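Chains as they are written, first to last, in the numbering used here: chain D, 1 to 163; chain V, 1 to 286.
No wet-lab data here; the hints were simulated from the structure.
Quick caveat, the model's predicted, so the values are computed rather than measured.
One should not assume that every hint holds.
So these bits of chain V aren't anywhere near chain D, every CB distance computed over 12 Å [to be verified]: (1) 40; (2) 60; (3) 104; (4) 144; (5) 154; (6) 202; (7) 247; (8) 249; (9) 253; (10) 256; (11) 259; (12) 278.
These stretches of chain D come out as covered by chain V in the derived footprint (C-beta under 8 Å, 3 or more residues) [to be verified]: (13) 16-24; (14) 96-104; (15) 153-159.
Glycine is no exception: its CB is placed at the ideal position from the N, C-alpha and C atoms.
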Amino acid sequence: MAKQILQCTVNGEPVEVLVQPYVTLLDALREDLGLTGPKEGCGTGDCGACTVHVDGKVVASCLMLAMQVRGRKVRTIEGLAAPDTTLHPLQEAFVRHGVPQCGFCIPGVLMAAAALLEENPRPSEEEIRYGIAGNLCRCTGYTKMVAAISEAAGTLASQGSAR
Amino acid sequence: MRRFDLALPNSVEDCLKILAERGAQAKLLAGGTDLLPQMKDGVLKPALVVDLSGVARVRQVHNGDGLRIGAAVTARELEVNPAVRGAYRAIAESAALVGSLQVRNLATVGGNLCNAAPSADMAPPLVALEAQAVIAGPGGERRVPMADFFTGVRQTVLAPNELLVELVVPPPGAGSGGQYLRHTPRRELDIAVVGVAAQLTMADGRCTKARLALASVAPTPVRAIAAERSLEGQPVTPEAIERAATLAIEAARPISDQRGSVEFRKHLVRVLTRRTLTTALARASA
Numbered sequence: 001m002a003k004q005i006l007q008c009t010v011n012g013e014p015v016e017v018l019v020q021p022y023v024t025l026l027d028a029l030r031e032d033l034g035l036t037g038p039k040e041g042c043g044t045g046d047c048g049a050c051t052v053h054v055d056g057k058v059v060a061s062c063l064m065l066a067m068q069v070r071g072r073k074v075r076t077i078e079g080l081a082a083p084d085t086t087l088h089p090l091q092e093a094f095v096r097h098g099v100p101q102c103g104f105c106i107p108g109v110l111m112a113a114a115a116l117l118e119e120n121p122r123p124s125e126e127e128i129r130y131g132i133a134g135n136l137c138r139c140t141g142y143t144k145m146v147a148a149i150s151e152a153a154g155t156l157a158s159q160g161s162a163r
Numbered sequence: 001m002r003r004f005d006l007a008l009p010n011s012v013e014d015c016l017k018i019l020a021e022r023g024a025q026a027k028l029l030a031g032g033t034d035l036l037p038q039m040k041d042g043v044l045k046p047a048l049v050v051d052l053s054g055v056a057r058v059r060q061v062h063n064g065d066g067l068r069i070g071a072a073v074t075a076r077e078l079e080v081n082p083a084v085r086g087a088y089r090a091i092a093e094s095a096a097l098v099g100s101l102q103v104r105n106l107a108t109v110g111g112n113l114c115n116a117a118p119s120a121d122m123a124p125p126l127v128a129l130e131a132q133a134v135i136a137g138p139g140g141e142r143r144v145p146m147a148d149f150f151t152g153v154r155q156t157v158l159a160p161n162e163l164l165v166e167l168v169v170p171p172p173g174a175g176s177g178g179q180y181l182r183h184t185p186r187r188e189l190d191i192a193v194v195g196v197a198a199q200l201t202m203a204d205g206r207c208t209k210a211r212l213a214l215a216s217v218a219p220t221p222v223r224a225i226a227a228e229r230s231l232e233g234q235p236v237t238p239e240a241i242e243r244a245a246t247l248a249i250e251a252a253r254p255i256s257d258q259r260g261s262v263e264f265r266k267h268l269v270r271v272l273t274r275r276t277l278t279t280a281l282a283r284a285s286a
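Construct the entire structure; sequences and hints are all you get.
In C-alpha cells, the structure reads:
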C-alpha cells in the first residue's frame, strides 16, 4: 500500500502530490493540498457540500478516490474567484443577497451554480432549482440562493454582451 | 475507509490479468457512487480496488446498427446523448433519474447493473430493449441477455475473474417506442418504490412486439411476460392496455418494506404499466 504519485491540475495549477491509494479526492484536497473550501457533510454523495468540478463537471468529491483525477482538471471554490481575488459574479451576488447563513453548504452550492451557468447561461427558476437539487442547505436558505443565481446569470450575460 | 491496494489498468486485458490473480479479493471501481459508501460503512472490505477510469473501451458509446454502451459510461452521458434520447429514450429517461447531477456525472450504467439492487433504474429499459451484456473473462468474451444477467439481490452472473465490458442494444426499429417511469415519494434523489419500462413495436395498427420490465418488485428486475403476450398481435386499445396492466401484476413478487407495502407495489405496477404502455404507443406512432 505504497503512496502513489497523483498528477493533475487544480485551479489552473499543475499539481504533483503523493497520496495514499485509499484517500478520497475530498480528503486529498483538504488534507494534502490545504483546500478546505469543499466540505464533508455526509460522505455518501447525498448532501453536495463536497461539490467540485472535474473536467468542468460537478462531482461529489467524497465519492471519488484521489487517484481517479490523475491527468484531469479539478476546480474547487478556491478557484472560482479571479487570480487577482476579484469575486466571481455568483459570489458577488451571494454576498449582496446575504445568502450564507451557517455557510457550510455554500462552497458546494456555488460550484453547482457555476457549472449550471457555464452550461446554461440564462436558466429559468425551475432550471436553477434543478441545478442545485444535489445540494442540501439545512438552514433552508434556498430562496435567496435562487434569487442570487438568477441575478448573477443576468450579470454574466450583460458582461458577455458588453465584450 | 479501510486500507486497500489500488490498481490502475489501462486496458481490458490488463484488468483481466489483475482479476485472474486477485479477483476474489478485488472490487471494480467505475463511478464509485455505490462502492465507496459501502466501503466507508464497512459492508465491503476489498483488499484491492481496480479503477476503470483509465480503460478507454468501457467509456465509449457507439451508435451504428444498434447501440454499444461501455460499462463505465456515466448516467449523465446517457441522459444527454442524442442517439440514446432518440431511439432508446427509455434508457435516457432511466439515467436521468439516478441521484443528483453530482452523482450522475460519476455513476455508471455498469455500476448500476453490477451492484444489482432490485431497484436499479437503468436495468428495466435495458431488459425491455433486449440488451445483451458483453462480459470479458479468461476464456474470451461471452454475451448474456440482460434478462438473465441478474441472479438475486446484489448478485449477477459475473464471476470474480470477469469484467462487464459493454451493453449491446439492438435497434428497436421503425414503429417502436418506449418509456421508463418509476414511483418515488419525492421527485428527486430517491429510490424507486416500483419502476416500469415498456417498449412497443407497432406495424399496420397491431403490436408486433411488446416488452415490459419491472423494478423493485422482485429480487431481480423481471419481465411481465403474460402481459407482453396479451398485447402482441393485437391492436393496442385502451382495453388491451388495461388488461396488460392487470396481467403485469402477476409478474410482481414484491415485499413490504419502509418504501411500500405489497398491495401498494402491486397497485403501482398496474398504474405505471398503463402509463408507460400509453406513452410507448404514442411514441411508436410518432
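Enumerate the violated hints, using their earlier numbering and listing them in ascending order. 1, 3, 14, 15
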